[in-house]
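J.: Starting from the known structure of chain A, fit chains B and C onto it as the hints suggest.
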Amino acid sequence: MIGVLKAMATTMKRAVGDNTFTVEYPEETPEVSARFRGVHKFSQERCIWCRQCENVCPNDTIQIVTDEQRNGEQYNLHIGQCVYCRLCEEVCPVDAIILTQNFEFTGDTKDDLVYNKEQLMSVPWYKDIDPLESREPDRGAWIGEGEGEVDYQ
Amino acid sequence: MSAGFGPLLAAVTLLQSNGATMLPEWLADVLRLDGLGVAGTAIAALIGAFVIANVLLINAALAGPWAKRKIAAAFWGKLGPNRMGPGGTLIIVADALRMLSKELIVPEGADRPAWDIAPIIVAGSAMLGFAVIPFGKIGGVQVQLADPEIGLVLVFAIASVTSVGLVMGGYASKNKYSMLGSLRAVAQNIAYEIPLIVSAGSVVIFAGTLQLSGIVDAQTETLVSVGGFGIPAWYAFVNPFAFILFLTANLAEVGRNPFDIPEAPTEIVAGYQTEYSSVYFVLIYLGEFLHIFLGGALAAVVFLGGGAGPVLPGPVWLIVKMWAFFLFTQWARQTFPRVRIDQLIEIGWKGLLVLAFANLILTAVLVGFLEGDVEFAFASLQVITA
Amino acid sequence: MSTGEEQSGDDAGEQAIEPTEAKVAELQSLLGDHVLDTEEHLNAPAIVIRPDAVQAVLSTLKEEAGYDHCSCVTAQQYPDRYESIYHLKKYADPTDEVSVVVPTARDDPTSESGAPVYETASWHEREAYDLVGIDYDDHPDLRRILLPDTWQGHPLREDYDQDRPQIVTLRENANPLLEDHRGSEEEGESDTMFLNIGPHHPATHGVLHLETVLDGEQVLDVDPDIGYLHRCEEQMCQQGTYRHQIMPYPDRWDYISAGLLNEWAYARTAEDLADIEVPEYAQVIRTMGAELCRIASHMLAMGTFALDINGDFTATFMWAIRERERAQSVLEELTGQRLMFNYFRLGGVAWDLPSPREDFFELTRDFLDGLPEATREFHDLLTNNEIMQLRTIDTGVIDPETAKDFGCTGPVARASGIDYDLRRDDPYGYYDELEWDVVTEDGCDNYSRLLVRMREVEQSAKIIDQCIDLLEDWPEDEREIQSNVPRTLKPERDTEIYRAVEGAKGELGIYIRADGTDKPGRFKIRSPCFSNLQSLPAMAEGEYIPDLVAALGSLDIVLGEVDR
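Residue numbers (my numbering), protein chains in the order written: chain A, 719 to 871; chain B, 26 to 411; chain C, 15 to 578.
Mixed in with the good hints there might be a few duds.
As the list claims (entries may be wrong) - In the DSS-like style, the derived pairs of lysine-lysine whose C-alpha atoms are separated by at most 27 Å in a straight line are:
1. Lys845(A) with Lys835(A)
2. Lys127(B) with Lys93(B)
3. Lys103(B) with Lys201(B)
4. Lys93(B) with Lys731(A)
5. Lys504(C) with Lys533(C)
6. Lys103(B) with Lys731(A)
7. Lys724(A) with Lys127(B)
8. Lys95(B) with Lys724(A)
9. Lys127(B) with Lys95(B)
10. Lys845(A) with Lys103(B)
11. Lys37(C) with Lys76(C)
12. Lys724(A) with Lys103(B)
13. Lys93(B) with Lys103(B)
14. Lys104(C) with Lys76(C)
15. Lys95(B) with Lys731(A)
16. Lys724(A) with Lys375(B)
Source of the hints: derived by calculation from the structure; they are not laboratory data. Keep in mind the model is a prediction, meaning the values are calculated, not measured.
Bound-form chain A, shown alone (with noise of 0.2 Å):
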């Protein structure tokens, strides 16, 4: 009996307390970390089209299209099937593609989450974090990975 009383006193406890752990979203946006990784952001002014990205992408969701000079013409990226691992970020010897802290996106099809090269240039930042120098501090540990030994194909 006595366990019974003290669970008791524990919930109203917390009941009565101010306690509230919730936000009212979205007029009260959560604090995402600087490594969380949201929505792509392209750039082709940096893109260099070498296709490391699409190589390692576990599940083909980046799709690129490209002429017999090598030049690019079509960067198609599905985020609707993206597992959001970051690997091609990680991979890009040029920063062009970014995940951005930016989690708001949606669409009334699948195919309204397959983004083409200009989409994919103007998703906006999340709060204006521009996670490229948010996460600067660690960007040496892949950057600088294997220190010229790495096979570049």
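T.: Then chains B and C, alone, in the frame of chain A:
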């Protein structure tokens, strides 16, 4: 439902009321329906029933879609409904629209008339119980539809009609989970009805009457006065043991945690109500909340002085006490694991029933000695020794 | 720099050469002419036996050599034969392993069943039959387990047409509305009731289907029907490269916040397979992250167990979720994600601790500081609550011998008094350098399983605390988070390895056979939930329905990991 039976009961028992004017009488008087004879009384009772039923419906509407969520949110550290209207109260309207606009799905092979009647019985029987609950007095008017001499027995009888509804619904749904739920409902109701009535019986010994208004009147005296602040002679203070027994049995009677076995969402999906949707589900849901409030009203009338309380009028106090009981059920819901069906039956038959009888007999002995009725006390003692 | 794991691995390797040969010779003399050949797997010696002597060999190994833990059965097809591999271990010493290889002919893949010896082999063999198509003689119940009964062909065979879709129409499934008198002896004259619990039921923790026969409220017979969430995880891993593409997937096996623990299972196996060293600093970070995941996972397990017993979304569940959220916030700072981390890399981790490091330490310490109060509340609400005790003590009992027979591991085994924890018994990461205890309880019931999880949370907090201390004092120039790993890994052809780590639910093992390319030839996951779920009938039969539900909750299964 109360509208159907209310007037009859009112008509039968009008003559027996004493002291203050009863609500139907007063209505007949104010609306000048006297000239119509019995029909006038019936119409007045009907209006009275309508008013009381609507007050209860408003309470149930507040409790179900809104208060329950808000209370749960407080326990969970969440906010609860807050987008629709002030404090999220318009969720009631939204929920009602949502529920009523859903498709009514009738399971294949359902036992049709029984399946349709069951929700009405569940909601109706809970509502009907309020016909005899004395809500207290406003001015000289006793807000009560009927006050039969056997009021307490009647209200218990009506409340247990609910289980008939549960069994009908569960059996007629042609679903094994519903079936299990309805069987559990019966087992549980039988096991807890008896301790409930017996623990209330000890109050009857004190009050010497089964009439609910009489029980309330018997609690108006002051038990002890502490520094000019009188503690009323509510039976919860006079006989707290019986009050605890009554509360526990009442929790089981209304099927709330830790005794929500007939529904048992994680075990048998939703028990007897598994197959109900749309309007029928609303009725059952409504019935549940009305049932909780009826349980609260009974606890208030029998143990907590009915509508007694300072400043505010009687009906307000009774509703406050009903809500206190509702809060208690929600508190228990957040805290307690559900007991198993066999444990529930065991607690009912071997625990509560024995305690309730012990309490009843001890009360009888005490009351006998206190009132100098030695013969009565002696007879009670004989029962104990036997 | 050599790591704790590699050190122990190397030591074992150096010392093991002699003992392994001695062990093989001893086993050969024990088994006599049942042995056709011996092989060497990276984790253990393998003995190749005749397909008609499986029971004889396994029972000798179990009874006389003490291999009482059949952790996994892997089946695969070679160009010239089919093979079933029984990975045997000892509960007392999981580093003492032996693999029993049973080759069968390509045109008639039939071998004797090991199920009469190890109960757990029953489901594993059903899976092998289902996916690879090996027939097991003398198997008590050789049915398909993951795929529907009407499925055509065996998907892991070479001649199976993987491009031809097979759609199992609703009509071909058993109609749940039809009369079903399973379990009754005489047709029509039964007082039992057949009840489908699931696949959509509030208490099945996913899409699990329990075929239950009831006598009143009592459970006479229960048969778990799995496979609704079969996502070909093993085959997806077979299509990914070792170096990068496999790592995102382990997060999705047990998707209930045990991500890093799962990633570690793959990382450990692949690192041992490709002989990759992991820097010590990375091992500390891994250990810390894995224990955070364990706390998150155990919190959810406690919460859902309370939910199963309370029967409503009640305070306990919500508070448990809240503690889990706190653990996830720490993990988000570390890995970037709350559930699907993809944080481990072969040879280390993807990121160092977030900077400023002090903020991260403070966040983690805050979380740890809040834990004792939270656990005290859970003790008040659950373990010290008389109603909870009434419900859980002496229900869902499984005695240690039966638990071993079913291959139970993790909290389920430890609650039955089996002192088995791979973190201590087969050390990896940084565990053997830290101060912590393996929690066991002797109750064998639902209550013990709850208690074990609650006490393990305390131990995990202790480990994290020590890791934080270590990381705080780590010299700045030695913070190496990844060793130098080649971009393409091609382990030698026909290297085979089975390695396991202690996941949140138990022994999470992975078997990999390399085929000389940069992708695994065969990738097999030993899911702890799969084996634990198999023991449900032993716990629940004869109990009431509520206890069946409670026992299921106490197993803490995740269907994503059961069905893979």
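J.: Now tell me, hint by hint, if it's right for this structure.
T.: Against the structure, the hints come out as follows:
1. Lys845(A) with Lys835(A): Holds, because 22 Å separates the two Cα atoms, which is no more than 27 Å.
2. Lys127(B) with Lys93(B): With a Cα-Cα distance of about 22 Å, the restraint between lysine 127(B) and lysine 93(B) holds, given a limit of 27 Å.
3. Lys103(B) with Lys201(B): The given pair, whose Cα atoms are some 36 Å apart, is violated under the 27 Å limit.
4. Lys93(B) with Lys731(A): holds, 18 Å
5. Lys504(C) with Lys533(C): Satisfied, since the Cα-Cα distance of roughly 8 Å is no more than 27 Å.
6. Lys103(B) with Lys731(A): holds, 15 Å
7. Lys724(A) with Lys127(B): violated, 42 Å
8. Lys95(B) with Lys724(A): holds, 23 Å
9. Lys127(B) with Lys95(B): holds, 24 Å
10. Lys845(A) with Lys103(B): Holds: lysine 845(A) and lysine 103(B) sit about 25 Å apart, inside 27 Å.
11. Lys37(C) with Lys76(C): holds, 15 Å
12. Lys724(A) with Lys103(B): Holds, at roughly 22 Å.
13. Lys93(B) with Lys103(B): holds, 13 Å
14. Lys104(C) with Lys76(C): It holds: about 9 Å lies between the C-alpha atoms, which stays within 27 Å.
15. Lys95(B) with Lys731(A): This hinted pair holds, its Cα atoms lying about 16 Å apart.
16. Lys724(A) with Lys375(B): Distance of about 25 Å is within 27 Å: holds.
Going through the hint list in order, the structure does not satisfy hints 3, 7.
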